[in-house]
Amino acid sequence: MILAEIDKCVGCRSCEVACAEKHLGDVDLSKAGEEALLYARRMHVGIAMGGTKPMPIQCRHCEDPTCLFACITGAMHRDPNTGMVLVDEEKCVGCWTCLKMCSFGTIMVDPINHRVLKCDKCYMERPPACVEACPNDVLIVEEVEFVDHDKCIGCGLCESLCLRNAIKLVDTDKGKKSEINQNLCKGCGICASSCPRDAIKMRYFTDEKAHEVIKKLLEVA
Amino acid sequence: MFKPKIVPFVCDWCSLQSADFIGLTRLFFPKKVSFIRVPCSGRVNPEIVSMAFKEGADGVLVMGCEKGACNYRTGNFQAERWTEVYRMVLELSGLNPDRLYLNLESDTEIIHVFERFYKTVEEIGPIGTEIGAAGNREKIKEIFEIIDLTLLDEDVKWLVGREWTLVTVENAYGEIYDEATFKRILKERINQQFLIAQIQYLTKDKPMSTYELAKALGRSTEEIFRTIVEMERKEKAVLVDFVDRTPRYQSVR
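Sequence lines, in order, name chains C and G. Position 139, counted from 1, in the first sequence is what the numbering used here calls 139; the numbers after and before it change by one each time, with no gaps. Position 164, counted from 1, in the second sequence is what the numbering used here calls 164; the numbers after and before it change by one each time, with no gaps.
Honestly, I wouldn't trust all of these hints.
[Stated by the list, open to error] Pairs of lysine-lysine residues, derived as DSS-like cross-links and limited to a Cα-Cα distance of at most 25 Å, are as follows:
id: 1; chain 1: C; residue 1: Lys216; chain 2: G; residue 2: Lys234
id: 2; chain 1: G; residue 1: Lys3; chain 2: C; residue 2: Lys8
id: 3; chain 1: G; residue 1: Lys234; chain 2: C; residue 2: Lys176
id: 4; chain 1: G; residue 1: Lys32; chain 2: C; residue 2: Lys216
id: 5; chain 1: G; residue 1: Lys119; chain 2: G; residue 2: Lys32
id: 6; chain 1: G; residue 1: Lys3; chain 2: G; residue 2: Lys54
id: 7; chain 1: G; residue 1: Lys31; chain 2: C; residue 2: Lys216
Hint data in this document are derived by calculation from the structure and do not stem from the laboratory.
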């Protein structure tokens, strides 16, 4: 999940440039000119409604995406492997229905090729270009739950418990290890609570945090 | 007058929302209630429940969504399994299993559920009353450390988590257990693990012989010896020394 701490954002738009650069491929952005920036970027820095500060705006990859249901040609689809909402640029006819339906204004227009563009998280590359380019650490990659591969024995219990299919067993050098797909994970903590080896940890609701809260509650009671 | 200390865990999606709703509609909200928010009732595992009891709680209440309404699909079923197992072990250690209650019904009556549970715990009394150790913090801590050793064991955790796969899909050999068989296996395993945990706790600092252990735990020497052999096989206990030709064992951390 890409998070943005908008208090730190100064609106330098480095993320936009980095995004365009990444998706242009071999073309040099400095030679291609300002127009290239417009038709290649997949996120933008803008001022949210009612606010005064600039903030980076990019696709949330919603669980219940309105753009996907609005699409008339089936270009907008959910990638089964990564759980991301992507657009098939061949199928897109440029009707802009998804543009109207998106609640966050994250879908970009490519006026030259007449199609829509949206964030693809740099094809699950870690970290994505915008995160790497941000000078103020506004954009960060957040993992809600993560696996300690030294402790994991690859028993596959978490895989069977997660009905969101967010956990998959993958082959690594040290044998089979489980890996969490951050796009599909919703942070319920069922895997963390039942891991036999305590290999899965939660970022926010940790055991230490729970201990702290219980202590405070019993002091009051 | 005894006032029970209760730690209620509420799931973020149904229970917390209904608690919020009570405040919004300005209904009666007793002062003694304060909730702990958890992402899902399935997150409340034995470790967290034990934590609450060790800190001096008299009862733990877990509230989740109705069956089939879990936002994460199976979280409340996982919570149900854990609670069932935890209640089993509470009974084994001599405490009243009603000190832990999981509510998966009618979330709109969240305060009634709390009041009912409050009354139950009030009747049972402060923690440790059942075994005559009320107010004895050391003894209570010991009990819950043994419970932790029982339930946080790798095998038990695996068995509990695998329940639905073993009962509905199949195991590695293509067999499917019916629910009664699985419950019997789980109960046997937990009884055995509870004895192992007791031995582990008693021998964690000093080595003890089979006879001493049998006397301390009130079991037959044969049963203890069989358990120790099992522990040795799993590398949980080792033979330390001999006193008058009697072998003494110590648990391995």
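Next item on the list: Given the hint that Lys3 of chain G pairs with Lys8 of chain C, test it: the Cα-Cα distance must not exceed 25 Å.
Entry: Measuring from Cα to Cα gives roughly 48 Å; hence the hint is violated.
Notebook entry, point to check: Within 25 Å, alpha carbon to alpha carbon, are Lys32 of chain G and Lys216 of chain C?
Noted result: holds (14 Å)
Next item on the list: Compare the distance between the alpha carbons of Lys31 of chain G and Lys216 of chain C with 25 Å, and conclude whether the hinted pair is satisfied.
Entry: holds (16 Å)
Note to self: Please verify whether Lys3 of chain G and Lys54 of chain G have alpha carbons no more than 25 Å apart.
What the structure shows: holds (17 Å)
Note to self: Would the hint linking Lys119 of chain G and Lys32 of chain G be met if the CA-CA limit is 25 Å?
What the structure shows: holds (13 Å)
Check: Between Lys234 of chain G and Lys176 of chain C, does the CA-CA distance stay at or below 25 Å?
Finding: holds (23 Å)
Check: Has the given pair, Lys216 of chain C with Lys234 of chain G, been kept, meaning a C-alpha gap of at most 25 Å?
Finding: violated (39 Å)
The structure fails hints 1 and 2 (numbered hints given earlier, in ascending order).
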